[in-house]
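Asks: Given next are the chains, with one letter for each unit.
4 protein chains.
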Amino acid sequence: MSSSRHDQYREEVLGRANVADTPELVAYYERLESLGTAALWTVANKIEPWEPVPSSVPMLWRYDDLREDVLKALDLVTPEQAGRRVIYFDNPGRSDVSAAVGWLYSGLQVMGPGEVASSHRHSASALRFIMEGQGAFTNVDGHKMTLGANDFVLTPNGTWHEHGVAEDGTTCIWQDGLDIPLMNALEANFYEVHPDLSQAISYPVDDSTAKWASAGLKPAGENWSKPYSPLLKYEWAPTYEALSKLAKVSDGSAFDGILMDYINPQTGGPVMQTIGASMQMLRPGEKTKAHRQTGNFVYQCAKGSGHSIINGQRFDWKERDVFVVPAWLYHEHANASDSEDACLFAFHDLPVMRALGLYREEAFAENGGHQPILS
Amino acid sequence: MSSSRHDQYREEVLGRANVADTPELVAYYERLESLGTAALWTVANKIEPWEPVPSSVPMLWRYDDLREDVLKALDLVTPEQAGRRVIYFDNPGRSDVSAAVGWLYSGLQVMGPGEVASSHRHSASALRFIMEGQGAFTNVDGHKMTLGANDFVLTPNGTWHEHGVAEDGTTCIWQDGLDIPLMNALEANFYEVHPDLSQAISYPVDDSTAKWASAGLKPAGENWSKPYSPLLKYEWAPTYEALSKLAKVSDGSAFDGILMDYINPQTGGPVMQTIGASMQMLRPGEKTKAHRQTGNFVYQCAKGSGHSIINGQRFDWKERDVFVVPAWLYHEHANASDSEDACLFAFHDLPVMRALGLYREEAFAENGGHQPILS
Amino acid sequence: MSSSRHDQYREEVLGRANVADTPELVAYYERLESLGTAALWTVANKIEPWEPVPSSVPMLWRYDDLREDVLKALDLVTPEQAGRRVIYFDNPGRSDVSAAVGWLYSGLQVMGPGEVASSHRHSASALRFIMEGQGAFTNVDGHKMTLGANDFVLTPNGTWHEHGVAEDGTTCIWQDGLDIPLMNALEANFYEVHPDLSQAISYPVDDSTAKWASAGLKPAGENWSKPYSPLLKYEWAPTYEALSKLAKVSDGSAFDGILMDYINPQTGGPVMQTIGASMQMLRPGEKTKAHRQTGNFVYQCAKGSGHSIINGQRFDWKERDVFVVPAWLYHEHANASDSEDACLFAFHDLPVMRALGLYREEAFAENGGHQPILS
Amino acid sequence: MSSSRHDQYREEVLGRANVADTPELVAYYERLESLGTAALWTVANKIEPWEPVPSSVPMLWRYDDLREDVLKALDLVTPEQAGRRVIYFDNPGRSDVSAAVGWLYSGLQVMGPGEVASSHRHSASALRFIMEGQGAFTNVDGHKMTLGANDFVLTPNGTWHEHGVAEDGTTCIWQDGLDIPLMNALEANFYEVHPDLSQAISYPVDDSTAKWASAGLKPAGENWSKPYSPLLKYEWAPTYEALSKLAKVSDGSAFDGILMDYINPQTGGPVMQTIGASMQMLRPGEKTKAHRQTGNFVYQCAKGSGHSIINGQRFDWKERDVFVVPAWLYHEHANASDSEDACLFAFHDLPVMRALGLYREEAFAENGGHQPILS
Ligand SMILES: [Fe+2]
Ligand SMILES: [Fe+2]
Ligand SMILES: [Fe+2]
Ligand SMILES: [Fe+2]
Ligand SMILES: [Fe+2]
Ligand SMILES: [Fe+2]
Ligand SMILES: [Fe+2]
Ligand SMILES: [Fe+2]
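From first to last, the protein sequence lines are chains A, X, W and C. For reference, each letter of the first sequence is one residue, going 1 to 375 in the UniProt record's numbering. For reference, each letter of the second sequence is one residue, going 1 to 375 in the UniProt record's numbering. For reference, each letter of the third sequence is one residue, going 1 to 375 in the UniProt record's numbering. For reference, each letter of the fourth sequence is one residue, going 1 to 375 in the UniProt record's numbering.
Here chain A stands alone, though its shape is the one from the complex (with noise of 0.2 Å):
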């Protein structure tokens, strides 16, 4: 905490840190930092900020700039030297951590027919949404799951998981999420390569959603107790339906039109414990009002067309393009069309503001709820 200065943070408020440096302080200042400490009120105010203000960025990446690129990784690795063939968002406020927004990960991988991953867990949650191609599939603790565009796939905390793309299937890109970040940032993160590299199927192929996605009805004696959904697997043909219905018999939020978040059919929570997903419709013509909330979003659009003013700036996006907004910020989001509806799938680390007590948020109350553009 070696510095010219001591006290670039004071403010003019009663009840915060206004101490101005005299050479005496500096000296007491000099003898603390030699005991291993400091003076509070010389950092008071930094460390103890009105609101958040967020390190991250607003960002959006056109999967149309990317793809080509994501391909091209075919060629120049493979899974084996690899681990995974991911490209990743590199937020600049961020890049010390590799995070695409907060602390969370996020990336696109990419699988050609026949290959498959190597075995292995984590402390971090992890959760992929299929982007394309035919044939990928995820083996979660034995259970295997084939996926399909727009399927939304767990690989929680603490379970063995793979990926791949069957030999008869076609090249697949899908989006990977992670909690990478925070797990290093709590410093609790573990890997472990699976000991055989593979892992055995030990369940009929799909039995994730043959147990579990039957709404209001439960396999009797079998008692869950695992802290993640034992639903892996969220298809997108049931989940645009439950939106459309939704969509006759609600009028919606504010802020999100017609959302459903991912659940944990035996809690009703979020579907692992540090990270939480939802899937949004905007109807036609729909424009939301701006919010801001705690917590970092993670969004791929999964159909149709739009933009999301975050912060004041407008990013325009469509089918595939991913985009971020970061804690706190302002955000409302519009589809560009008058008659298609607009989808976006999110990931966020709600369930960790709940679970420590820190979610909030608040409507932007000017200008009937809709920011200016800034840029």
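No lab work stands behind these hints, which were simulated from the structure alone. A couple of the hints might just be wrong.
One copy or two, it doesn't matter: identical chains are merged, so the pair holds either way.
The calculated EDC-like cross-link candidates involving lysine to aspartate or glutamate, where the alpha carbons are at most 20 Å apart (straight line), are [claimed, not checked]:
no. : residue 1 : residue 2
1   : 289       : 366
2   : 318       : 286
3   : 72        : 24
4   : 226       : 141
5   : 287       : 366
6   : 144       : 362
7   : 248       : 338
8   : 226       : 196
9   : 287       : 340
10  : 248       : 207
11  : 46        : 168
12  : 226       : 115
13  : 144       : 222
Got chain A sorted already, so can you dock chains X, W and C with the ligands onto it with the hints?
Replies: Using the frame of chain A, we list chains X, W and C with the ligands on its own:
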């Protein structure tokens, strides 16, 4: 507690009461009685049995036997006169409390086109299981639901509810299930007639399923905190599909075949606090093993035919027949068909058993798990 | 359900059953009866009362009246013969189920120095409240506890337990409280005699309080998951001190004065799943207002004297007297002294009411909250 | 993410990234960078370490070294200028976030008689542990608490709080513990100065302990639903008595001796959502074995003297010294005395680890459980 003898419950077992009457003791017992007291050892073995012996008897009611008389009630009483036009199942061991089994009441309600029963609410939890007819509906706290055969609908403790049949419907019969006897036994039964005798339809028709019947998804921002399921109607088609899917990936239960519990999708728990329900499929040729459970069960055959052996007694059933399994009696089920599946709907008081720490089950240990048939 | 008349429960209220007998209907009822059924409207108003009317009657048992006969039992029966040497409270409205009130059993147990009752366990939850004598002890699952006057001790559902008095003790009397009647009503009562008739002392004596009776602290690494309190004994001295401290900072309840619930320190909830308990202090001169609650209460005066008015009837009590308040009857309490506080121990079935969603209470609205005294 | 080399994290292990730079790949990496992306395999082994390596260093701060400078702050700044007059512990590995260890902040606050710090609230959870002086107090949401040496007091997330020393008190020093760094890292830190700079005393002084510090009892009718303990102050005398009692019936933990967690008496869980605390007693001559845990610990010696070995480094401590154990470093403790016990207060972020499913611990397997001392 006046009785000529006080030693009728003696047992010659160490640790059990075993006191013979003497003139001195009888005089003592009489003085105790005059003080509003009694000696525990005169009744201890009676009130602390080694294991439960239910007062209910196993029974089956054949729909063919009842249907005509149920329909006849249409001519005999109006809903206005009767409150509800129901013929109830009167277990010979439980006539004093009007129970079908244990503390569970059940009956067959019949309504004609255009009829509506008056709106009311009560502490008893209630459910309906539709047997025949077109156009039945229930309105629960303003949520109107349309009902078809084998649909299962809740009217939880404290909710305003009314039933009826649409003007353009046909005569409908459904099974009612309630825990009226339990509420009376617990001296906690309250009853109110709706001030207007009828309640408004406050939401889009069938909004409950539109919002809550999407597996693994929930409407964001809906924070359900009531002690019963927000999903009030469980339709037959998805229920049967769920059983069929489960049958493909699960061996099921040795005692119940392919059994799914109806659940509150927000908790994974039972649909109401005092009554649970399930639907089970006996696969072609399936014959389960016997077990016994604390708690009482009311079954209705929803599809196919077969038989159950309850406490050594065989009961043959087919679609729409109703039968009951009293607490702690061994029971096993068999599908009569080698080519078709058979389905049994059941409701029960296991949520009470579980909430109070009293649930137990035990497999029948002998004879390969099958009871000898006594009658 | 044979009866000459079937219309004895008619009510002239819209929404209630109101069907007069006719020859045709009576013939119909008889046919229904032959089918093991009956018409709901003949009993609907009986089984769905407007509000609970308890079958128990309010009662008070004076210790002065009972003590001599309780002690006499020492000469009349041995613990070996009697199992437990207890004189129980026999509510005239509940004699058929040996209950003191509702589904709660209670009695006075007496043991002499050196006597021990045989070890056993059962589904009924049990408690003891010590009234007089030195050297009483209870052993619950190997945890031996020493007991003094006004100490309260648990023997939860399923725990092995035995009671006795030390060789160098004196004759001891305590009040037993159990929910034997409820367990029987729910047909879930199991009873086992310990194979050795006696169990080992497996832990340091009074380890339960040494581990769990420290407010705001718990032994690290002890992960208690049983459905009852790990703290098995609640001693009188800290309980009385707790009430005294609370009285200094709280106005207390209008209905109960300074009332504290005994809790499971791991959950803040009731001590056992089916029985709760409390101790309350009526301050000098305190006279509470009347209210009524679902659930049944057994009181013992632990200190001082006063009276309670239950359903308009006055009951005067002093130390060691026992009285009961049946469900949904208004009750209010008064301390007889203007200088000393009075304390009432109570146990009740509110945990059952709450677990099943049936708890209600209501203040007496007239006359400044005080009932007219009828007797 | 610009760097001359991209293959610095290669590992020669199957399942790990192992891609050497080539001119073609470097060109590819540069294009990815221009798109706001990067290749996962260039950083995978860095961001997915095999196990945590904390950035914090083990440290001890001797009170003898600091006390004089802490007191000197009385002369250098007023509470009005400083906000709070605190010298904080500045871990060399965590200077950028002003943390003592991990994401935990800690410092020594000093106040003179009659001084009061202005009232405020923030998202950071906070606690104080009193070190010396008479007359200290804290007001939390209107609950004023008087504080003595070794008392532990909470100021949870979102509560208004202010500290001071009575006019007739003496200079007081206490240790502050907060998770300010975590709140900042999670970008969820809000800060408010109380509109009046001071808040009212809304309840009887010390009402929190009068209501909630009675073991196994709670004030009836108080339904506490806030996510932190209603008991806000944990006094030293009953805490030390609790440890002494536990020591008589428990062998304690091989790693921690007699260790008790401060708990929320309504849940049995940690005192706040993001910070837990404990007090432990090392019995005379006790020397514990080494283990390591996810989560970070700040210790203060509350009584006696001894040493701890952290990651092979020995730290000798006596009363009032503060030391820290970073995540996943082995640590063991020893009492210096063969006749007196030694007590360590600790606070930590285990509630965060547990809420997010990240808690792990591991015993040191070699050398009888004792680390070799490296320094
Ligand atoms: Fe992974
Ligand atoms: Fe949002
Ligand atoms: Fe009803
Ligand atoms: Fe069964
Ligand atoms: Fe017993
Ligand atoms: Fe009461
Ligand atoms: Fe603060
Ligand atoms: Fe440790």
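Asks: Now tell me if each hint is right for this structure.
Replies: Status of each hint after checking the structure:
no.	hint	verdict
1	289 with 366	within (10 Å within a copy, 52 Å between copies)
2	318 with 286	within (15 Å within a copy, 53 Å between copies)
3	72 with 24	between (62 Å within a copy, 12 Å between copies)
4	226 with 141	within (13 Å within a copy, 30 Å between copies)
5	287 with 366	within (16 Å within a copy, 56 Å between copies)
6	144 with 362	neither (41 Å within a copy, 32 Å between copies)
7	248 with 338	within (17 Å within a copy, 43 Å between copies)
8	226 with 196	neither (24 Å within a copy, 40 Å between copies)
9	287 with 340	within (13 Å within a copy, 52 Å between copies)
10	248 with 207	between (31 Å within a copy, 8 Å between copies)
11	46 with 168	neither (57 Å within a copy, 35 Å between copies)
12	226 with 115	neither (30 Å within a copy, 49 Å between copies)
13	144 with 222	within (19 Å within a copy, 32 Å between copies)
Checked against the numbered hints above, the structure violates hints 6, 8, 11 and 12; every other hint is satisfied.
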